[in-house]
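> Sequence:
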Amino acid sequence: MQAQPEKNRHRFKMPSAFTILFIIIIIIAVLSWFIPAGKYSTNSSGNLIANTYHTVKSNPQGLWDVVMSPVYGMVGDKNTDGAISVSLFILVIGGFLGVVNKTKALDAGISSIVNRYKGREKVLIPILMTLFALGGSTYGMAEETVAFYPLLIPVMMACGFDSIVAVALALVGTSVGNMASTVNPFATGVASQTLGISPGDGLVSRIIFFVIVDVIAIAFVMRYATKIQKDPTKSYVYAQREEDWKSFNIDERTNDVEPMTGRQKAVIWLFMAAFVIMIIGLVPWSSLNKHFTFFDTATTWLENIPVLGTLLGHDIAPLGTWYFSEITMLFLVMSVVVMWVYHMKEDVFIDAFMGGMADFVSVAMIVAIARGLQVVMNNGLITATILHAGETGLTHVSQSLFIILTFLFYVPMSFLIPSTSGLAAATMGIMGPLGHFAHVSGSLVITAYQAAEGWVGLVTPTSGVVMAALAISHVNLTTWWKWSLRLMLYLFIATVVFLAILAAI
65 MQAQPEKNRH RFKMPSAFTI LFIIIIIIAV LSWFIPAGKY STNSSGNLIA NTYHTVKSNP
125 QGLWDVVMSP VYGMVGDKNT DGAISVSLFI LVIGGFLGVV NKTKALDAGI SSIVNRYKGR
185 EKVLIPILMT LFALGGSTYG MAEETVAFYP LLIPVMMACG FDSIVAVALA LVGTSVGNMA
245 STVNPFATGV ASQTLGISPG DGLVSRIIFF VIVDVIAIAF VMRYATKIQK DPTKSYVYAQ
305 REEDWKSFNI DERTNDVEPM TGRQKAVIWL FMAAFVIMII GLVPWSSLNK HFTFFDTATT
365 WLENIPVLGT LLGHDIAPLG TWYFSEITML FLVMSVVVMW VYHMKEDVFI DAFMGGMADF
425 VSVAMIVAIA RGLQVVMNNG LITATILHAG ETGLTHVSQS LFIILTFLFY VPMSFLIPST
485 SGLAAATMGI MGPLGHFAHV SGSLVITAYQ AAEGWVGLVT PTSGVVMAAL AISHVNLTTW
545 WKWSLRLMLY LFIATVVFLA ILAAI
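The numbers in the numbering used here rise by one with no breaks, and the one at position 34 of the sequence shown is 98.
By construction, these hints were calculated from the structure, which means they are not laboratory data.
We put the CB at the ideal spot given by N, CA and C, even for glycine.
Fair warning: there could be bad hints in the mix.
List of simulated lysine-lysine pairs, BS3-like, C-alpha gap at most 30 angstroms [stated by the list, open to error]:
(1) LYS546 <-> LYS294
(2) LYS168 <-> LYS298
(3) LYS291 <-> LYS546
(4) LYS409 <-> LYS166
(5) LYS294 <-> LYS168
(6) LYS166 <-> LYS329
(7) LYS166 <-> LYS142
(8) LYS121 <-> LYS142
(9) LYS186 <-> LYS329
(10) LYS186 <-> LYS121
(11) LYS168 <-> LYS186
(12) LYS329 <-> LYS409
(13) LYS142 <-> LYS103
(14) LYS294 <-> LYS186
(15) LYS310 <-> LYS294
(16) LYS298 <-> LYS546
(17) LYS121 <-> LYS103
(18) LYS310 <-> LYS546
(19) LYS186 <-> LYS546
For each label pair, taking beta carbons as the anchor points, the in silico distance ranges come out as [as the list claims (entries may be wrong)]:
(20) VAL275 <-> ALA362: 50 to 58 angstroms
(21) PHE98 <-> GLY377: 47 to 55 angstroms
(22) GLY326 <-> ILE271: 30 to 38 angstroms
(23) TYR302 <-> LEU469: 35 to 43 angstroms
(24) TRP128 <-> LYS168: 44 to 52 angstroms
(25) PRO370 <-> ALA337: 24 to 32 angstroms
(26) ARG550 <-> PHE479: 18 to 26 angstroms
Produce the entire structure from the sequences given, and follow the hints as far as they go.
The structure is reproduced here in structure tokens:
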């Protein structure tokens, strides 16, 4: 008797962020038929005024409204601002990263640092983790780290550590950086644009939070690295050490690599300069101190110089007043500067820039689709009703409790919508105003959202970065969970305490 072929079992696969967002849009459209419509009065700044909610005639959303929502999410309509400025910035910064990556400057920079400290590899832990954290904090570095694991693993194992330490350098580093994103355009930028505030708002507190979580992560990884260097059997992957040593060709791959070229060093400086200028441009200096008017004065002086002022233009936005249009221009210009400095041919530059943009098209579209969720809610006139329910429920909730609940809300949401920008665009339209009712600033709500997203991103199996890193390093997911459990607990406690204190101040 011939054996029956085994039927293929259909395993559940997590839907993409696009599918999840479309499902949510459909659900919201259906709810608009049942949730009472309402509105709030607004002040001159456009902020909702508490206790002014009133019901209005309903406007249920149909199929046409659902399919049009991503379009209006991108270009905007009378009730909702479009995400076009954010999406364009995401595409341009993708092009910039594509050009920088074409020079191999970032890869060469990491290689140079690793080889410079050969024999003193423990010193590399705080250095590299901080560098990766800065990458996560400033531009959402994540996928880019995958290229570093084949380099980091042999070096870390050769000095008596293990593959978990190598993974932790990049994965934990970028995750804590994302937790305390300072000017990350895909998190801070999208969320700030949704709330209509500057990405520089709350920057000082986020820098303090960055230092806290970075120190916790570095201390945790160094303690583990020191322990297994003294006793290799303490390693979570000790059983496969000999196999990994052969698999990763440790002896061969720890040889010296070619040093960075002068052009690559120049690209690294330009790369860092671009983000420094962006940070300076976004920080609202005059809001921090009314006497911080240097950039305004300097801009006025330049514009009034004969001939030069005319050549430069009379509508220059001073540093400190920049928004998405200005920082989009910055990265577009810096891409061209990198091309000139590296002596890159025009066709190579165009291919690299367009290729980098192509890598971020999905992110740009997710922002628009997520904004479409707001379009359906606003046009269905149910946003105010939902906010009113939150306002009523939060009447007697302290500011500290509210921000902790916000952080806890974003933990499962980060699993549900693993896209950083998509999560911000989909939820900030509700959470921001709720924070306003609870007398919690929009920048603090953004900090809570980023902390949750980065915290979850350290271990979630829905993250391609996490799974790729573990696959390259031959580390099992459950092993990674066991190793990171206490670190997750320490980061959770630090985040909750920090948010509570910040809200109470």
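> Indicate, hint by hint, whether the structure satisfies it.
Verification of the supplied hints:
Taking the CA atoms of LYS546 and LYS294, the gap is about 21 angstroms. The hint holds against a cut of 30 angstroms. For the hint linking LYS168 to LYS298, the alpha-carbon distance of about 36 angstroms lies beyond 30 angstroms, and the restraint is violated. Straight-line distance between C-alpha atoms of LYS291 and LYS546 comes to about 16 angstroms, which keeps the hinted pair within the 30 angstroms bound. With a C-alpha separation of about 12 angstroms, the suggested pair LYS409 and LYS166 falls inside the 30 angstroms cut-off, and the hint holds.
Restraint check for LYS294 and LYS168: not satisfied, since their Cα atoms lie roughly 36 angstroms apart, outside the 30 angstroms limit. At roughly 14 angstroms between alpha-carbon atoms, LYS166 and LYS329 fall within 30 angstroms of each other, so this suggested pair holds. Note on LYS166 and LYS142: the hinted pairing is violated, with a Cα-Cα distance of about 42 angstroms set against a maximum of 30 angstroms. Of the pairs offered as hints, the one joining LYS121 and LYS142 holds, with about 18 angstroms between alpha carbons and a cut-off of 30 angstroms not exceeded.
Between LYS186 and LYS329 the CA atoms are separated by roughly 25 angstroms; this keeps the pair inside 30 angstroms, and the hint holds. For the given pair, LYS186 sits about 66 angstroms from LYS121 by alpha-carbon distance, which is inconsistent with the 30 angstroms threshold. Restraint check for LYS168 and LYS186: the C-alpha separation of about 25 angstroms stays at or below 30 angstroms, so the hint holds. Between LYS329 and LYS409, the direct Cα distance comes to roughly 19 angstroms. Compliance with the 30 angstroms bound is thereby established for this hinted pair.
In summary, the hint linking LYS142 to LYS103 is supported, as the alpha carbons are separated by about 15 angstroms, within the 30 angstroms threshold. At roughly 13 angstroms between alpha-carbon atoms, LYS294 and LYS186 fall within 30 angstroms of each other, so this suggested pair holds. Pair hint LYS310 plus LYS294 holds up; C-alpha atoms about 22 angstroms apart against a cutoff of 30 angstroms. As the CA atoms of LYS298 and LYS546 are separated by approximately 13 angstroms, the hinted pair is consistent with the 30 angstroms bound.
In summary, the hint linking LYS121 to LYS103 is supported, as the alpha carbons are separated by about 10 angstroms, within the 30 angstroms threshold. Straight-line distance between C-alpha atoms of LYS310 and LYS546 comes to about 25 angstroms, which keeps the hinted pair within the 30 angstroms bound. A C-alpha spacing of about 23 angstroms is found between LYS186 and LYS546, which places the hinted pair at or below 30 angstroms, so the restraint holds. Separated by about 30 angstroms at the C-beta atoms, VAL275 and ALA362 break the suggested range of 50 to 58 angstroms.
Taking 47 to 55 angstroms as the suggested C-beta distance range, the pair PHE98 and GLY377 conforms, at roughly 53 angstroms. One distance hint, 30 to 38 angstroms for the beta-carbon pair GLY326 and ILE271, holds here, with the actual separation near 32 angstroms. Distance hint check: the CB atoms of TYR302 and LEU469 are about 41 angstroms apart, consistent with the given range 35 to 43 angstroms. About 49 angstroms separates the C-beta atoms of TRP128 and LYS168, a value consistent with the hinted range of 44 to 52 angstroms.
Checking the proposed 24 to 32 angstroms range against PRO370 and ALA337 shows it holds: the Cβ atoms sit about 29 angstroms from each other. As the Cβ distance of ARG550 to PHE479 is approximately 21 angstroms, the hint placing it in 18 to 26 angstroms holds.
Violated hints, listed in ascending order, are 2, 5, 7, 10, 20; each of the other numbered hints is respected by the structure.
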